[in-house]
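Trainee: Letter by letter, the chains look like this.
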Amino acid sequence: MSERLELPLRDQRALAKVLTALTRTGCTATSVRANFGERSAVITVEGSAPDLHRLSAIVSRLLSNHQEEYR
Amino acid sequence: METTGSRLLLSALEAHGIDAVFGYPGGTIMPFYDALPQGRLAHYLVRHEQGAAFAAGAYARTTGRLGVCVATSGPGATNLVTGLVDAMMDSVPVLAITGQVRSALLGTDGFQEADVVGITSPCTKHNVLVRRASEIPAAVERAIRIATSGRPGPVLVDITTDALKERLVWDGPLRSEAQPPQAPEPVALPETRRLAAEAIAALARAERPVLIVGGGTRVADVSKQFRRFAELIGAPVVATINGLGTPDPADDRYLGMFGMHGHKAANLAVTRADCMLALGMRFDDRVTGDVSKFGRDAIIIHCDIDPSEIGKIIPVDIGIVDDLRATMQALIEAAEAAALPTYDAWLEEIAGLRRPLPRARTEGGELSATDVLDALAAMMEPGTVVATDVGQHQMWMAQRVRLESSRDFLTSAGLGAMGFGIPAAVGAQVARPDDLVVAVVGDGGFQMTMHELATIRRYELPVKIVVVDNRHLGMVRQWQELFYDRRIVATDLYDNPDFRMLAAAYGMRSGFVERPEDLHGALREMLESDSAYLLHCACFPTENCFPMVPAGRHIDEMLERTPA
Numbered sequence: 000m001s002e003r004l005e006l007p008l009r010d011q012r013a014l015a016k017v018l019t020a021l022t023r024t025g026c027t028a029t030s031v032r033a034n035f036g037e038r039s040a041v042i043t044v045e046g047s048a049p050d051l052h053r054l055s056a057i058v059s060r061l062l063s064n065h066q067e068e069y070r
Numbered sequence: 000m001e002t003t004g005s006r007l008l009l010s011a012l013e014a015h016g017i018d019a020v021f022g023y024p025g026g027t028i029m030p031f032y033d034a035l036p037q038g039r040l041a042h043y044l045v046r047h048e049q050g051a052a053f054a055a056g057a058y059a060r061t062t063g064r065l066g067v068c069v070a071t072s073g074p075g076a077t078n079l080v081t082g083l084v085d086a087m088m089d090s091v092p093v094l095a096i097t098g099q100v101r102s103a104l105l106g107t108d109g110f111q112e113a114d115v116v117g118i119t120s121p122c123t124k125h126n127v128l129v130r131r132a133s134e135i136p137a138a139v140e141r142a143i144r145i146a147t148s149g150r151p152g153p154v155l156v157d158i159t160t161d162a163l164k165e166r167l168v169w170d171g172p173l174r175s176e177a178q179p180p181q182a183p184e185p186v187a188l189p190e191t192r193r194l195a196a197e198a199i200a201a202l203a204r205a206e207r208p209v210l211i212v213g214g215g216t217r218v219a220d221v222s223k224q225f226r227r228f229a230e231l232i233g234a235p236v237v238a239t240i241n242g243l244g245t246p247d248p249a250d251d252r253y254l255g256m257f258g259m260h261g262h263k264a265a266n267l268a269v270t271r272a273d274c275m276l277a278l279g280m281r282f283d284d285r286v287t288g289d290v291s292k293f294g295r296d297a298i299i300i301h302c303d304i305d306p307s308e309i310g311k312i313i314p315v316d317i318g319i320v321d322d323l324r325a326t327m328q329a330l331i332e333a334a335e336a337a338a339l340p341t342y343d344a345w346l347e348e349i350a351g352l353r354r355p356l357p358r359a360r361t362e363g364g365e366l367s368a369t370d371v372l373d374a375l376a377a378m379m380e381p382g383t384v385v386a387t388d389v390g391q392h393q394m395w396m397a398q399r400v401r402l403e404s405s406r407d408f409l410t411s412a413g414l415g416a417m418g419f420g421i422p423a424a425v426g427a428q429v430a431r432p433d434d435l436v437v438a439v440v441g442d443g444g445f446q447m448t449m450h451e452l453a454t455i456r457r458y459e460l461p462v463k464i465v466v467v468d469n470r471h472l473g474m475v476r477q478w479q480e481l482f483y484d485r486r487i488v489a490t491d492l493y494d495n496p497d498f499r500m501l502a503a504a505y506g507m508r509s510g511f512v513e514r515p516e517d518l519h520g521a522l523r524e525m526l527e528s529d530s531a532y533l534l535h536c537a538c539f540p541t542e543n544c545f546p547m548v549p550a551g552r553h554i555d556e557m558l559e560r561t562p563a
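Taken in order, these protein sequences are the chains called A and B. Just so we're aligned, residue 0 is where the first sequence starts under numbering that gives the first Met the number 0, counting upward by one. Just so we're aligned, residue 0 is where the second sequence starts under numbering that gives the first Met the number 0, counting upward by one.
Same shape as in the complex, but just chain B:
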């Protein structure tokens, strides 16, 4: 069959079940765009390549399937990098396809040439430069396999424009026959079973155990197994921000998020625990606080698919390296076979530690951001997808949201990339067209990627956007207030644009609220809208996010209000 490199690329993507890509055209990737109408791929034109990478990541986060983004060489490719690092940090399977200058120009500082393989080497699981059309199917297959297997992550296939244009006769496979369409359910290794029994024995000996769930539970999609396991063990449960949605929100023993902005009871439970079972988490500094004090007196059991995570930050007593689905099965079987104690005294102690989240003290009837997010969290139906940006609103939302599924909460957790929220909502709405998608963004992050309102408009995506506007880069302002002697520098956004006029410019319905008594009606109107809607919430500017553990302090050293 006579074909071209571009058509081979298109066919290879389709052969792997890819049905949607987010991208932005340009010089070297033009041959691929020229071929696009000949295939079945739905292409979503974003307005900046960073949006393509974030949208692809969100597509993957909310479905568990590979997300795909496309960009041209040079600036197109470098604009993807933030999204790739985000995917690397949060273990999200993303395939980036980038055009590259023609082979003869490689290394000559040609127009729009950048060493994309070199630039993305530390922030991808795998990348490759393809210079011949005949190499495209195998390169795509290898990249997809690596992105979606083991600990998922981003991969990049950089293809020279002459390879994309190359005419060839191709009679080979687009996809290896040997590769099954779906990976079989993993079976626990014998070593996993042995260590799982040890882990359960350690929990049985403990008096104050805690179960910790991280983002690996979302990746492995083991919420159901975890909830069964938590029921068997009967210990308190806490989650990292990426683990939200895995525990049953209705379980009395679930204490919510722990860490820098974690719930007080969750942080104290981890601090006082004599045994921790950590599932699919990596002991990020935002959850450990002072590492030298974290889990000092506890037996620590760490389960992760990636051996490089075991002992990386925290020395562990038992490390189980296996697919979390297999590990959970082994843990459940071991727990079912064991005589486990009840932890009544410990649970009673924990119950006594629960506190309501700190409330904002407002003057003159001003709207507070926590009012907005309390109300929003209460009004959202189960199954609503929430995409946050980064900053105070992200932490406030993470503290409040009640999730039935870990695939319903999208946030740039490890990288903390402002500008994530709007393009993430785009990716989520494309992936789940029948579900309500709400983007919760601050006024700072919104302005980093608000051009994606054009994407929302073009594809008539019914995304709901809550702009929590405190006219500041709130989290940085908070740090300046608390840790930089109130020297407020470069965080005042007093000259924000009129967000409703912006929405109108993109043909989007909008609302505005600045008084607490109008909040519920405004949220109701937004949530009931059948089209895209932006709600501008003008909040008082100096609300701080508590509890807060100052960086580097132990996680039981929480601030619950601004010191006098």
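Just chain A, same shape as in the assembly:
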């Protein structure tokens, strides 16, 4: 059963990392709302609960340091 996850992003590098991670999990991005000029974006992802769980872990590690730069 497919579930949905919304991931907030800050810039296009973060979006690139999330899109790369999608290919490792079998999840699908269903929408991207972005205004990187205002550092505001949300990507919505669908997938099975285990796949979304793995995606969250991957993205969390990929973005934790990256986002730290922009605090």
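Treat the hints as calculated values from the structure; they're not laboratory data. Each residue gets a CB set at the ideal place from its N, CA and C atoms; glycine is no exception. Do not take every clue at face value.
To be verified - Which chain A residues face chain B? A few, computed with CB under 10 Å, are given here: (1) Arg12; (2) Lys16; (3) Gly36; (4) Ala56.
Following the hints, put chain B in place on chain A, whose structure we already have.
Mentor: For chain B alone, kept in the frame of chain A given last:
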């Protein structure tokens, strides 16, 4: 002050206390090499960029300090990637500096152009493309801070060759004044203290607790604190391969490595435990086996600095996210304040599970690899640094080595990158010139990076190399025998070169042993040599590494011999 981008890079590295780099020159990074003689950095010329990345990683693993590697654009940079992934997997602080084509050529498929920032984005904590010389000091500082803070890892600074050549007047800082030279000792967060008390209460209620140590304990350098804590708790202790060296090897309650090739008692202790306290580990599939059965009936307490690890693989009952130094302090204080039971019945049960490691059955007086590694482990003095390659010998060594410090065992654990051993020994010997460094490698992995014998020779590094030669890619052959109906394909290395002649070609002393009765003398001669030495051990080819948990099985389902 008038300077260039290259000199700024050199000065910035020196300002951060970098004194050694491993690298290989090429077109776009040439301006940096041109500036090198003007600084104090010791540069170690490797013979392949992968060796630079592995050596930098080993330098970091064995000292706790940042390792630095340098390469040119395109193939130079892509050759670093395996070493960067290795550092990412095992949380090792490495800074890679790469040259890049000049700015005007970016994106044009210029000669030796590769999208290095794109390629290394998933395998670095941080990377950045620098196109102006004035951005170099801040980029280096940010990269170093990210590599060495929190959960350490690799970072990459890609610098266009025009930025390296750029002349500029620089009066700015090379390093932020605001950044203290050393991070203060971390103090446990209030939440950490609260959860530590809960964790100790859970251990106090348990009847069959186990303490698990992982690589995070090496990163945080908490061996002393852990040993104190283990003494207070009095529970059995097991380690992942990256946690080896943290527990006291003389502690009767220490059961050694657990997991796919773990000791039987360690695996059974984890299986039967009703409470696990896991410190700085990530529940890799090589230690959990079948995840659905791992810790099914146990309270699981997981401590890690990285929140993304908590609950990633195994659901946990208590997750403590903090610097492990702070967590250990909070756990010790909570344990000291608690009334803890003794676990006599459990310890007695565990003692009854201990078994000697399976022995090889040889025919005709042939030398076995486990004979070699048993003898080597017994003969090494405390403080010897061991760098392994990947495969059977890696697991055999991990099962046998007795370590006083987790910084003394270097292995590509998470990535399992063959070819790691020799360049890792190079990095370790550079970092610790006064310590004995022994590389234990198989005949397969050795041939992936044996060109680094030239590096060993050039810098007169007294590395000792034990080539455990079973004329096979042994671990793959073992899997073919056990899980692929004995179909042996592409793992026979019957045409290996003469390793002693190779050593001689690089001006290295060497020895050869093929009979068990000659083993101790051969090892003694190697260990007592004051220069680099290669010992070629010709072992019988079909020895298997046991215990072994077949992939995907529960970790109590161990094979201890080859099924008939």
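Trainee: Tell me, in ascending order, the numbers of any earlier hints that this structure violates.
Mentor: 3
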